[in-house]
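Residue numbers (my numbering), protein chains in the order written: chain P, 1 to 425; chain G, 1001 to 1474.
It should be emphasised that the hints constitute simulated quantities derived from the structure, not laboratory data.
The reader is advised that the hints may include incorrect statements.
Stated by the list, open to error - Covered stretches of chain G (chain P as the covering partner; in silico rule of three or more C-beta atoms under 8 Å from a C-beta of chain P):
(1) 1313-1327
(2) 1332-1344
(3) 1394-1404
No residue lacks a Cβ here, since even glycine has one placed at the ideal position from N, Cα and C.
Single-letter residue listing:
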Amino acid sequence: MENTAFVDHEKFFDCVHCGLCLASCPTYVELGTEMDSPRGRIVMLRALQEGHAQLNDEVVGHLDLCLGCRACETACPSGVQYGELIEGARPFIEQHYRRPMLERGKRWLMNKTFPHPWGARLFALFLKVGAALGLARFAHSEAVPATLRYWFGLLPERGSVSSAPLLEHYPAIGEKCHTVGVLSGCVMSAVFGATNQSTVKVLRHNGCEVLIPKAQSCCGALLLHNGDKQTALALAKRNIDVFDQLDLDALIINAAGCGAMMKEYGELFKDDPVYRYKAARLTEKMKDAAEFVGSLELRAPTREVRVKATYHDACHLAHGQGVREQPRALLQAIPGLKLTNLPESDWCCGSAGTYNLTQPEMAARLLERKVGNIQATEADVVATGNPGCLMQIQAGLRQSGLPMKAVHTMDLLALAYEDEPGSGH
Amino acid sequence: MDQQVLDRLYDIVGPDGVVAHKSARSVYDCDGYTLEKAVPEIVVLPHSTEEVAAVVKFLNRERIAFVPRGAGTGLSGGCLPVEAPVMIGTSRLNKIVHIDLLNRYVVAQSGVVNLWVSNAVKEQGLQYAPDPSSQQACTIGGNIAENSGGPHTLKYGVTTNHVLGLEVVLPDGEIVTLGGTVEDVPGYDLRGITIGAEGTFGIVTQAALKLTRQPQAYRTFLAVFESVHHATQTVSGIIASGIVPAALEMMDTLIIQAIEEAFHFGFPTDAGAVLIIEIDGLAASLDPQTERIQAICKHNKAREVRIARDDAERMALWKSRKRAFGAIGRLSPNYCTQDGVVPRTKVPDILQRITEVSEKYQLRIANVFHAGDGNIHPILMYDERNADETRRVVQAGKEILNACVDLGGSLTGEHGIGVEKMGQMPLIFSPEDLMVMTQLRSVFNPDNLCNPNKIIPTPGGCIDVTTPRRQVPL
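Just chain G, with the same shape it has in the complex (with noise of 0.2 Å):
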């Protein structure tokens, strides 16, 4: 890095706000997906909103790229710096601003950990309804640039359904707020397309995030099962029964053995399959939603039905769903998560499709998804220092996608897209819909050097270039 970037980054942040030694950045080259790999020039780690913005402003006017990072929990290399020298942390950006009871909402820095927000007011009853599974770690930033789920993201909806406003920092350095603390700020809603656009319309530095009173009571049950298909045929039970349940998650055999040996909570390990319900509301509105929660499992063939007995035990069992990704490394020594959708009544499709994946590249893959949403996640297993697994890893990851783009469903359901599927947009997109997009990049980060080589892939780069076979409307 040219030395005088440098004098003048030291002299915006100070001397603890930058990291350059080769030792020290060496630790920023990924995040949660360890397959790509790229070391920073430089860590600038800003303690305000005023030095992120004349951090970029300086790189603006220098004309170097720069990407944005939170707690590096991302499932998709979106913080990867591709072509980019620099990367601008939010670590330092960690406090909670304001926090108005009334109004129901929370201004927090976007460095703040997902969980802290809850944990704030969680003596008045309240939450921040959005719980990626990493939220003991993961970002408010992190999850506003992926709008991130979670489990309970089928009746409470994700990220963006929970931001009121935001302030970003433009990619030539401009501070400005979007949205705002009430509802429904009047005009086009750049909010809403600043959620989810993975830190390429520059760096949210703050948030006004609603919250949302605790529920009553919950329920929460473990249901076992043989197969995965009665598993999927008790989800589209309960749907079509009318109840919204708050969450429901299906694992398969693989990662049942895999959480039970980590965490010890009694899972059946020779179970085909396990759902976690769970309702929650009123206490009195519970019991006549458990009567028929029980009885459709024990229509589609439940061996047991479980009832989380109280709180502790409901926590046990969330934590142990959770922490089901990192419970694999018990397995293997690598993994790489993939992030797709179909529509809920093709889960038993899409899983026989996974097992041939598994089979053709001789890859062990374990299922965790939330079924629910048809939003599913197997877990591929590798070993990093197997070159020629590693490619199979690459290539299956790949092919199960494209099995769920032709089951009708998507390539992310919560993770992003960042440099892992970039390639695969085209399967979804045509060439029109990704110019639109890169023309509505342009509007506020014209010369790409916000985050850039993410979400669209650029004409040249080392993409299939594939028909695409199914229009989503933008």
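Pulled out of the complex, with its shape left as it was, chain P reads as follows (with noise of 0.2 Å):
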């Protein structure tokens, strides 16, 4: 096998083996395998990198189980960028590994869908329609296969799927203090419609005037993710044409997993020539919505939202952007709204990105977990700031029989603002 070096290779030396990831690893908690740790990780990809272990199908599982969840970098105390270790990897596996025929077909899929707009839109038919007929209930029965079982699992109940259309842009209300560019998103703009319209109007409460430009394409996380680099890049510098001609004071990003993914556009892009001080300007002005609108002097919400809330963080935010506390705080700036504290609120609730389409069993094991932690709560909705996490943790808590349910930050805090009139709210 070639060698070819799929990351810088001094970063493999910021690690120092001193284990202290391990505990904070959710598949090395549930499994107890040091090889699904990120220490072991590591160890396996410098292996890979330097020639010394074949890519072979045992390396491959251990890679693929890794969330990107990044609870790791939090937890390291040496700086090791994890998240760009096993990235880089991904684009490498998939060149020179063969995967199982079945396998290769459902991320040809994934790949083809997600980021195109008519793909998006496509998935949120399949998701309509499948709510629709009550694919759910066959998420329990035995005639169907266990990885479908789980797929009609997380359909979401009927009329829950909104993709209204934004416009492309829309005033502040009351005194204009910033013009604020928005990220529709992909699944957001096709399953999260309504959310999509609550960040606006929080943004426009808040003295934001939002641009929300039509030819801005998907973030290309998801590409990243599943190891097509290539039509990431590509997508990456169609957003930044878009926004980079804007005169934006920030670029608000309510999907935690885009959000990290475009803040990651200027090192993505600090080699190229051309993009890469486009790019370095761009990323400085990404926000994830409740980071700008936590940063903010909060024009007070006024209406009451009596509820009793908890908040799980998304691991694209806590861990891949480092907001913990402006969710909170913004949720507890909403009048008669109760904040719990989530045990385990950064643990992975096993969506990461494709990850519940690609490792379903796993995946499932970590929504228990999650959603066990949430029951324990007692609280009436648990918010979070990414629509992977909305999806996932809303399936958990529907096949537990729980009457909680999963909202976006956004939406919380949008109910708590009056409507205007004309806005659809």
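Using the hints, build the complex out of the two chains.
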């Protein structure tokens, strides 16, 4: 096998093998095998890059099982950029390793579907049709293959999929202080259109003029996770071109997975003579919705939202972007809302991009753990900042017969602001 | 590995309990001590005490040597499989079995992470006091093997002071209980000698751990000094005043710079040394102590004395300190942490010797240590790709430990002897001492199948035979 360096070799030496990451890794804690720990995976990745190890089923299996949740980066005292190491290896694996046919088909389909507007709409259609047909009830049927059962279980309830389109421009409500762009996102706009509307509403109520150019594209995260770096970069360039030409104070992203990816644009293009400056400039402006609103002097919400809420840290928000306090502070600013602590709040729910589609067994184990913790809080709603987590957790709550709802932080916050006539709220 | 042996192990622990593939078991080739590596021929991950016992019984019958492993965060190679083909991991023994709040103890399996124990009783105002710096990942079993300490050992003692009883699988596969769930079980303290035996007396599968009340209040200081000398004077001054601090930690310039880069706490990167001083107890008792500590610091020319304003700032300070080792990864590709002890008053002397060693071997050495009990942790930086530098690190480490012994100290405060310091045991123990220790081990582990080639140097092994300079009574 040719020995191709898939990441900067020096980065492996950031790891000093102390093992402090182990207990932060969901797959290690579930399985107890060090091959499924961050330290173990780094040892394998390094052996791969140095040509000491073969790209065999065993190694690929353990690397594939990594959620990419980056909880290990939070735990690491040595500053290992684990995300870069594992993401760097994904395209290498796709190029040099032949997966079983069914697995290849599944990955091809995902890579073709999510990043394109039609594909995301197709996905939304699948969810709607699946929900309408009530396929979720087959989630427990022995007659259906295990993988399909799990997928059916993810299907939402009838009527909960919304894909209301956004306008390209919204004026600020009250005094205008900022001009911001919003990434509409593929899954967000296809499935969580209402959350996008909520995000816009919250931003407008806080003095933001909102621009949502139609020419924007998918952020490229799912493609990169699945090893298609080339297409991911092409999509990233398009976003950079579209947003960089607007005179923005901030570019707002309400999907944690997209935000974590886009904040890496600067790093991804650091050697690109054309895009490096543009990418770096735009990356500076990227903010998660809660991160940005949390940094403003919040215009106090006026409506009461009488619920007991808890908060789940999306991995790509807490570990990927270091955003932990702001969403909690925003929730606490809502009149009438009581926020309660969620045990293991920054433990991955198993969604992890398309992980619940590629590794359903581990995803289901982690979901069970998450649902157990949520149930213990006795909250009415669990707020979070990522579409994957929302779908995964909602499915888990429903399957366990729990009445609790998973909602986006922006949805709860939007409820606390007065509706603007004609805004659709 | 013999197929029949393999088959039998599969029978006992099931297919998910065996790690046999070469690519997979190669990740078990070392712990936090990376200078020596050895890949086990097979890793077994039992799901229960009974499975551990069945595996050990079988291996004993077949005369196959084995090593236990917890989370692999050890710093002396205690779980390195040296001439031991089988590794037995405790990662699946990760349940807290029983919590008895009224009698203040927890029964936990040995694979439970140290911090999980305190987290489980946090709401009730209790804690498991030993807090090694790796507590976010290290296991109770490993803590027991090494008799681990931590920053707060100065006031609260080490692991052995907080373990009431043990469930141990002896090297012949028998399951025994040593100690109990109450204080002071009569007869010989077999629990006591098993703690700190570095896994050579058997495999601990479960332990009854004492819970203590969380202190009502804390006061945590960061004192900044121009020199190590002044910081040491302060340490002696505080102890002499009769105050028993919960922790007294010192860091030198190089380590301050590393952790400041990592955690941005606001450490002064030009300081010669900083002390982290913590007192705890009843809130009413802390104000007078605070005044005295501040006065002692000022008397010893402290440039600045800061007090953590709230719990968040205190936690940030401790996070910086506890993750100091890892932060060295930002300065150097590899490091080796030494763990020696000197009498508290000899801290400036040992630091002088370390500086000399650093110059002699052309190595960067950072120092972070438990100043209150003279437990030093010099961190020697190197690049494993540089074979000559790696050799120099080993030499320099030995020289530092020799210096500790010269100054009236010891080879290890809390990391254990493992494989790393085995060769230096004769520096502090006579051949007779070592013989007695071997005989004691033989009571538990007669054939030396359980974690062989650890702690006690074997005759004819690659050790420097030196005349003991100091006799330590057993």
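Open item on the list: Please verify the coverage claim for the region 1313-1327 of chain G: does it have three or more residues whose C-beta sits within 8 Å of some C-beta in chain P?
Closed with: holds (count 5)
Task: 8 Å C-beta test of the region 1394-1404 of chain G against chain P, three or more residues - done: Since 0 is below three, the answer is violated.
- [ ] State whether the coverage of the region 1332-1344 of chain G by chain P holds or is violated, taking the criterion as 3 or more residues with Cβ-Cβ distances under 8 Å.
- [x] With 3 residues in contact (Cβ-Cβ under 8 Å with chain P), the coverage given for the region 1332-1344 of chain G holds.
Checked against the numbered hints given earlier, this structure breaks only hint 3.
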